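Asks: One letter stands for each residue in the lines below.
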Amino acid sequence: MIEINNLVKRYGNTRAVNGISFTVNDGEVLGFLGPNGAGKSTTMNIITGYLSSTSGSVLVDGHDILEDPVAAKKNIGYLPELPPLYFDMTVREYLNFVCDLKKVPSSERKAQINKILSMVHITDYADRLIGNLSKGYKQRVGMAQAMVGDPKILILDEPTVGLDPTQIQEIRKLIRALAQNHTIIFSSHILSEVQEVCDRVVIINNGKVAAVQPISDLSKKLSGYTRLLLSFSGPIKDVSNALRSIPGITSVTERVSNVDIHEVEISIDSSTDVRSSIFYTMVRGNWPILELRSLDPTLEELFLSITSGKQGGK
Amino acid sequence: MLAIFKREFSMYFKTASGYIAFAIFAFLSGYIFVSQYASGKVNIASEITNLRSFFVVLIPIVTMGLFSEDKKRGTEVLYYTTPTNIASVVIGKFLSAMALFGIMFINVLVQMFITVCSGGVIDAGTMGAIVVYFFLTALFVALGLFASAVTDSQIIAAIFSFLIILLIQLTSTISALISSTFNSFLSAKVFNIDPEKLSEFCSNVEKFINWFDPLSKTKDFRYGVFSISPLFYCACIAGLFLFLTYQVLEKKRWTQS
Numbered sequence: 001m002i003e004i005n006n007l008v009k010r011y012g013n014t015r016a017v018n019g020i021s022f023t024v025n026d027g028e029v030l031g032f033l034g035p036n037g038a039g040k041s042t043t044m045n046i047i048t049g050y051l052s053s054t055s056g057s058v059l060v061d062g063h064d065i066l067e068d069p070v071a072a073k074k075n076i077g078y079l080p081e082l083p084p085l086y087f088d089m090t091v092r093e094y095l096n097f098v099c100d101l102k103k104v105p106s107s108e109r110k111a112q113i114n115k116i117l118s119m120v121h122i123t124d125y126a127d128r129l130i131g132n133l134s135k136g137y138k139q140r141v142g143m144a145q146a147m148v149g150d151p152k153i154l155i156l157d158e159p160t161v162g163l164d165p166t167q168i169q170e171i172r173k174l175i176r177a178l179a180q181n182h183t184i185i186f187s188s189h190i191l192s193e194v195q196e197v198c199d200r201v202v203i204i205n206n207g208k209v210a211a212v213q214p215i216s217d218l219s220k221k222l223s224g225y226t227r228l229l230l231s232f233s234g235p236i237k238d239v240s241n242a243l244r245s246i247p248g249i250t251s252v253t254e255r256v257s258n259v260d261i262h263e264v265e266i267s268i269d270s271s272t273d274v275r276s277s278i279f280y281t282m283v284r285g286n287w288p289i290l291e292l293r294s295l296d297p298t299l300e301e302l303f304l305s306i307t308s309g310k311q312g313g314k
Numbered sequence: 001m002l003a004i005f006k007r008e009f010s011m012y013f014k015t016a017s018g019y020i021a022f023a024i025f026a027f028l029s030g031y032i033f034v035s036q037y038a039s040g041k042v043n044i045a046s047e048i049t050n051l052r053s054f055f056v057v058l059i060p061i062v063t064m065g066l067f068s069e070d071k072k073r074g075t076e077v078l079y080y081t082t083p084t085n086i087a088s089v090v091i092g093k094f095l096s097a098m099a100l101f102g103i104m105f106i107n108v109l110v111q112m113f114i115t116v117c118s119g120g121v122i123d124a125g126t127m128g129a130i131v132v133y134f135f136l137t138a139l140f141v142a143l144g145l146f147a148s149a150v151t152d153s154q155i156i157a158a159i160f161s162f163l164i165i166l167l168i169q170l171t172s173t174i175s176a177l178i179s180s181t182f183n184s185f186l187s188a189k190v191f192n193i194d195p196e197k198l199s200e201f202c203s204n205v206e207k208f209i210n211w212f213d214p215l216s217k218t219k220d221f222r223y224g225v226f227s228i229s230p231l232f233y234c235a236c237i238a239g240l241f242l243f244l245t246y247q248v249l250e251k252k253r254w255t256q257s
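Keeping their order, the protein sequence lines are chains S and D.
Just so you know, the first sequence maps onto residues 1 to 314 in the numbering used here.
Just so you know, the second sequence maps onto residues 1 to 257 in the numbering used here.
None of these hints come from the bench; they were simulated from the model.
Keep in mind that this is a model prediction, so the values were computed, not measured.
Some hints could be false.
[Stated by the list, open to error] Simulated coverage check for chain S against chain D, where a stretch passes if three residues somewhere in it have a Cβ under 8 Å from a Cβ of chain D:
hint : segment
1    : 23-33
2    : 231-238
[Claimed, not checked] The following residues of chain S were derived to be distant from chain D, with all beta-carbon distances above 12 Å:
hint : residue
3    : 45
4    : 75
5    : 88
6    : 103
7    : 115
8    : 128
9    : 174
10   : 177
11   : 210
12   : 213
13   : 214
14   : 228
15   : 277
Beta carbons are placed, not taken as given, at the ideal position from N, Cα and C, and that holds for glycine.
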């Protein structure tokens, strides 16, 4: 559905995107993962035709975005990081305007707008000024705008940034619903979000593709990267020494301490489950465990694991 | 194009800018007309010509936000990522501003009606002034549109178009000033220039600068003297600025981050 070949975007001497290539299959939800400044938004802007690449090509449903922009753009709905909203229009006026821009036939317009409004749950807000809506609702209007014209491909640039947890869940739910009949590229710098929503993930860093892999492979990689957080009451030195002596534990780092409650971060070898050993060690020392949980790896750690391991690359 | 036109035109009346421009125009034209009417010498052509001097304020008010506001709010993404041609966006915005000036002109039409009802005459000079008014409006609106496309600040766009329109309106004064400066400087004995040749040279300099002045070119219309070339000149300059606006917007794809 989308073919990206050796995309380069240069600003002066800086290469924001440096030779990115990947394909997006029909009906797939592709996660586009990378830290801030990795080149995610620039790549998405090039795919949608907002920016031109210095070199390389983007084919959308067989149409080159630069040579045949109108045909290519008909297939794309784009929600940029900052939703392109006119605050002085009502939601319905705005969606009508976007229908005009996307050349939606007037006979289909009303039904399409009503359907989209109900899908993103903003029917009750259709006649309110966009400027008066909360951030979460503005984001939904942005989603609605991308859906106008029923494009086959939706490109969503960090659609959950700045939303509260309930709104984030709602947007994710909506993306999952849309995934049933759309191809979606979805960027994020939150690992768990990508795991929850996507089929496959492209990880980019410093303008280059660090890895392209199915989400199941990513989950395996993540499960091999484990840390535990232990909160306890007892002498920190004795506990740390006792923990270090457990086979499978590679390091113990103190995180927070006050008078008699301490918190340590335990890095463990992925091949062993040390939780029961930790429990018995603490019981033997008569040091009550207040909390024991696994810590999610950060994006930086994932990058380290991908770029340092031999499994990285396409 | 129609979508952009409808949106921009309706926005003039959803925000204050359309009302402010309309109010300024209505006040000024009303003031001039009432003064003429009271003195018993109504001359609509002269009124329209006088009103043109206020373009220096009206054009920036109407055009300053046309593109700069889109850039600031990030809504320009819509123009680039939907199957819309950038040229039609430029034309749509241009026509919306022209339509606003058209609406403002209703004030003058009402005054013309009053004049006719009171036994006055609408002559060829008046028709000439109206034609020139719209051609000059097109030129200045295109210029304001260009100013709005090169910056994301409405204030800078307004100052930019204000200065250029002021410069154009003062062209004949400036050319006379340059010519007399040349004359007084080169007439010093050191240069030993024949005074006749010098005066011819200075007059040519003045003519050369004035050649570019759309106001001097069109000044005979208000006396009922019509010709195509000044109108063609105004249309060409307007077209040039619309083309430059289009180029600025297209270039952004390559340069912005």
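Asks: Evaluate each hint against the coordinates.
Replies: Verification of the supplied hints:
1. 23-33: violated (count 0)
2. 231-238: violated (count 0)
3. 45: Non-interface label fails for residue 45 of chain S: nearest chain D Cβ at 8 Å, not farther than 12 Å.
4. 75: violated, 10 Å
5. 88: Given that some Cβ of chain D is not farther than 12 Å from that of residue 88 of chain S, nearest at about 5 Å, it is violated.
6. 103: violated, 6 Å
7. 115: holds, 19 Å
8. 128: holds, 14 Å
9. 174: holds, 20 Å
10. 177: holds, 23 Å
11. 210: holds, 22 Å
12. 213: holds, 28 Å
13. 214: Residue 214 of chain S is indeed farther than 12 Å from all Cβ atoms of chain D, at 29 Å.
14. 228: holds, 42 Å
15. 277: Nearest chain D Cβ is 52 Å from residue 277 of chain S, so the label holds.
Hint compliance for this structure: hints 1, 2, 3, 4, 5, 6 are not met, and every other hint is.
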